[in-house]
Every structure is written in C-alpha cells, then in structure tokens.
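Enquirer: Residue-level listing of the chains:
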Amino acid sequence: MSDQKKGCDSERRNLLVATSVLGGAAVTAAAVPFVASLAPSERAKAIGAPVIADISKLAPGEKMVVKWRGKPVWILRRTPEMLASLEAVKEKLSDPDSEKSAQPAYAKNAERAINKEYLVAVGICTHLGCSPTDKLKPGTDEGVQEPGWQGGFLCPCHGSLFDLAGRVFKGQPAPTNLEIPPHMFDPANPNLVTIGVDPTDSKGA
Amino acid sequence: MAANSNFPKYQSDGTRLGNALEWFDARFPLTSLWKAHLSEYYAPKNFNFWYFFGSMAIVVLIIQFVTGIFLVMHYQPNANLTPAGLPIAFESVEYIMREVPGGWFIRYMHSTGASFFFIVIYLHMFRGLLYGSYRKPRELVWIFGVLIFLCLMAIAFMGYLLPWGQMSYWGAQVILSFFSAIPVVGDDISTYIRGDYVVAAATLNRFFALHVCAVPLALLGLVVAHILALHEVGSNNPDGVEIKKFKDENGIPLDGVPFHPQYTIGHDLPANVIMLMFFFAVLFFWPEGGGYFLEYNNFLPADPMATPEHLAPVWYFTAFYSMLRAMTWNFFWIDAKIWGVISMFAGVFILAFLPWLDRSPAKSIRYRGPIFKVLLAFFVVSFAMLCFLGTKGVEYHFFGYTPSKDSSPLSILISGAFHTKLWTIYYFLFFLTMPYWSKIDKCKPVPERVTFK
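Line by line, the protein sequences are chains A and B.
Numbering that gives the first Met the number 0 numbers the first residue of the first sequence as 0 and each following residue consecutively.
Numbering that gives the first Met the number 0 numbers the first residue of the second sequence as 0 and each following residue consecutively.
Honestly, I wouldn't trust all of these hints.
Claimed, not checked - Below 20 Å or equal to it, Euclidean Cα-Cα: the simulated SDA-like pairs (lysine to any residue) are:
1) Lys70/A with Pro434/B
2) Lys420/B with Gln144/A
3) Lys44/A with Asn77/B
4) Lys115/A with Glu178/A
5) Lys135/B with Pro434/B
FYI, nobody ran anything at the bench for these hints, they're computed from the structure.
Owing to the predicted nature of the structure, the values given are computational and were not obtained by experimental measurement.
Bound-form chain A, shown alone:
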C-alpha cells in the first residue's frame, strides 16, 4: 500500500479531482431544467384568474359552488339562526378566532366574512384536500354524532367537523379552519361576488 502511495502522481490526482468537480457541477446544472419542468406551467398559472358569481338566486340557508383555480369555492347564505350558532359553538373550536388560519384581514372576524350573511370559503379540507359535505341542519338528522350539533360541514375522508363559518372543531385531523379566498361584492350590484380579488376599500364594498 505505502509503495503505491509513494508512486501516486499528484498532478494526475489533481486533474482527477478537478474533472470530478467540474463534472458534478455540469450534472447539477443540467438537472435544473428537469426539476423546473415539474413546476406548474405558465398555462396552469394563468387559469388562476378571478371568477364572478351571481348570488341573486341564492335563498337564505342555501349554498352554491363555483370553480376558482380548479378548486370548489362555496358561497353560503346564512340565516340569522345560522349566524347565532357561530357564537354557541365557539367553546368547541380549535381556532375560534382564526389566529392560525388562512383568510384575508377583512375576513378575520367572528363570521369570517366581509358581508356576514355570506360565507365565501374554499371547500377544501385543510387536512388532506377532500371537499367536506354539507351537514347544514342542526341535530342528528344528518347523522353527525357531535352532541349539540348546530350545523356545519363534515369531511367525508377523515371526519373533520367545521362550523358554519368553516372553523374546525377541536380534536379533528384538520389543523386549521377552511381557507377564505380574497373576495369582494360589486359596489354597483351587490348580487355579484368576485372571487380572487381583494376589495378596493377597507369596508369591503
């Protein structure tokens, strides 16, 4: 062994090291376009344009779904009883004041909305991305086992429960409340909601 070491040609070794380093750099550089190709394409990004929903036909207590960025966005017109339930369930919620959750600043309030009558929320569970199902009626009529159920949503995949403001109950797999997307009511026509755009003034008109 020691004989071989003595005979080691240090110039050749340096060349070997230099070639390896250069080759490694070239492979890394060549990997960049391959990794980059996995990111969303320009076309996929362009689909994220805002959508406008007409809520004139939505009766109190009804929900409609519009597609925004490939995701379902719910618009729920809440009755006074539904709004009252938000206060009643507060004790049972994991993040009642939406401290950890995603929403625009103007929707970080008790009703999680600009216009408290309308809940506009991304209908994708914050656990693993299923779309929760409506369990809007209070009581046991809809098969929700939570005692004193006031109405809300149940994720069919892993059982997370949400109240009528999309806030998650304690002890559920979902870590945070449902996301509230940027949204605004058309100042000229309050029956038109634009999803994906922040309101122009602080009142949310």
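Starting from the known structure of chain A, fit chain B onto it as the hints suggest.
Expert: Below, chain B without anything else, positioned relative to chain A:
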C-alpha cells in the same frame, strides 16, 4: 463442424445444438447463469406451500407488464373533455372496455393482476415473518423486498389515477396532500409533484410517465437485486436452519435439491396453475371484486368540485390508511396531520428494521416460544382489523350500532375510531418491543438439519 471456443469448460458435445451452445457460452454466460440460478442452485428440500408466493409474484409481474403494454396502445392520458363532456382519459378506458376487441379482457387482467400482486406479496412477506427469512445473513434480501413493496405501492397508486374516475381523482388529492404536511416546504413540494395547485392534467400526464416507465424500471432492477442477493446466501426454509452447513464431497448441501427441475416443475408450476385458476375465476365472474378490486365510485368521471361521500383507498392500502387516520391529536405542538403521515410511512419502513429487531435464538416459528406465537397471532388480527377499518367511514361502529347523541363508554369501545387507534398502537408495539420479548421467549432446541418426511 465443431465450435472452437478455446474454453474446455464450454466444450460442445458434438451435436449441432451443442455447437451452438458452445458458441454462445464463449460469448455470454448462458449456461453458467442457468446453472447458478436454476439447475445448480440448491434449495432446501423441505419447502412447503408458503414458498409458492415468490414464483407467483413473478408470474403476476409478467401479466402486469404484458397487459400494461397492450393497454398503453389504447389508453390516452388526457384530462381534456370530449364534446360529450367526459374526460378523454376516462372515456378511453371505457373505449378499451367496450370497443377494443378483447380490450375488456386485457384491462380486467391488469386490474385483477394489481389486487393479486398484493395478495401474493402480503403472503410472501408473511412467510418471511413465520420462518425468520429476514434474519442474518438475509438482511439485504429482505430490504430489497421492502423496497419492491414500496415500488409496488407507488405503481399501484399512480396507476389508479389513470382511469380519471372520482376515486382516482380524490384518492390522489388526499395522498398528494400528505406532502403538504411537511413543515415550511410542504406546500411547494406538493405543487411540484402535482404540477398544478390541485390534481390536474399535469398530474395525470406525469403519473402516466411514472406508472408505465420509471417505476417499472426501478421495480425490475430491484427484483433482480432481490433474487441475486437470495441466490448468494441461499434460501431459508421452514426449519430456519442453514443447509450450507452440511455438504457432500462435491460441495452440494446434503439437504438441498436443484431448484430446477425439482421446484420449478414439481412445486411452482402446479401452484401457479391453481393460482391462475383463481385469477381467471375472479376475472370472468367477479372482476370488480365486490367493489374492492375496482371501486364503484370510480365508474364516475373525476369531478374536482365534489368529493364522493364515502372515500376509501383500494383494499391493499387500507391498513396503512388506517394508521394515517389513527392520529387525531396534536403531540408536542406538532399537528395531527403530520403525525398521521409519519405513522403511515413508518408502518412500511419499520418492516425494513425487522432483521435487527428480532433477537430470538431460533428463526422459524416451529422452534420459537409461546410469546412469539401469541403476539404474532394478534399481529395478524391487528393487520386484518386495520385493513377492514380502512375501508369503512370514520363514523363506523361494529355490529351495525348507531350511537345516540351522548356517546356512552360502550359505544366508544365498539367504534371503528377506537379500534383504529388501538390496533395501530399494537402494530407498532409489536415491532418496537420485539428486541425485548424475542430474547426472553422460551425457544425449543433447533435441529442441526432440516426435518423432512
């Protein structure tokens, strides 16, 4: 004309076939490969039916490759809609089923093959557990096997997206969201895997590429490594003794028989014929497997706006899916979601550590003590329960019980949620406490040589 290879060991016997063989052998290790892996690979003579499943896995692998190649000739990985409003991918599967001559047969062979693959692999793995086939010196055989199992799960999962039905779409949506549980970089990783902000056309195309090309290549390589490693150390057997300890004057193990023809013709061939009888019985009379092999909701085209009311993975994933669902509390300020993901992956990876967790003096269950037998029986129960509960909704209760408003202690005891947690804990404790109980268990003396009537 005699071939002239200059290698005495390849010497032709003078016949035309012999000359041809000599020509090849001088250029490629044909005869020596045949001998090393088949005609002069000595396997223990006491194999029983548990040793069928390795060769069955190879037969099913070949079925999947051949049917897969033919399906690719007709299938279109395209999430755009046809003029009738159906996604093209979904429509092309229906086209294969209804309009391609023999298409239904090829497609059902592929879908039935997926379930059969997992049936034989689970039994093959259980054989390893019974007879300690992962123990020294077969650690690498076992680890290659665990990697094959991982590849299979990846292939099955990505293949399941291709029909672009409701279960395809939402199953992928859920599994890919796992990656978003990783702190800080999770959301970006999810986006890079999907190629979009939700499961979309980009996801379908890349899954197609991975399902038909990348992962099968990795799988093939691992199968070769698995078999090479096995043939280097030699097969284990139901007695868990090393047959290489006692050899005759030619260096052949006294308790060994040539793998070919003894096991190929006398053991694996009839076993595979019977397996294929079951296979085609399922294919012709029960191709949907009661909604477990092909889920009914997957006959609906993918709808990104609505999750199916009852979402469950295909049966072979349900045990690990249960481990995911078992985690509903936040420990150490880390979200339950991350714990669920960790426990699901840990459920697979913990298998790779078996060679070092097991410290029993005997390998085979035949000579192991009562502790192992009892704990293994409960392990089978735990795996079966986790499989079963993974197919059920979160509100499931045993005995068809529907709880009243206030949950009594009894209703908790018979709830699926409770049993999911209980058996997940058992599954992990079985492995984690193994170094202790496998050592103190009262084993019987292990014989020097295999027992065989």
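Enquirer: All hints, please: hold or fail.
Expert: To see whether the hints hold, each was checked on the structure:
1. The hinted pair formed by Lys70/A and Pro434/B fails the criterion: a straight-line CA distance of about 48 Å is larger than 20 Å.
2. Straight-line distance between C-alpha atoms of Lys420/B and Gln144/A comes to about 19 Å, which keeps the hinted pair within the 20 Å bound.
3. Using a Cα cut-off of 20 Å, the hinted pair Lys44/A and Asn77/B holds, with the two alpha carbons roughly 19 Å apart.
4. Proximity of Lys115/A to Glu178/A is assessed by CA-CA distance (about 16 Å); at most 20 Å being required, the pair is judged to hold.
5. In summary, the hint linking Lys135/B to Pro434/B is supported, as the alpha carbons are separated by about 15 Å, within the 20 Å threshold.
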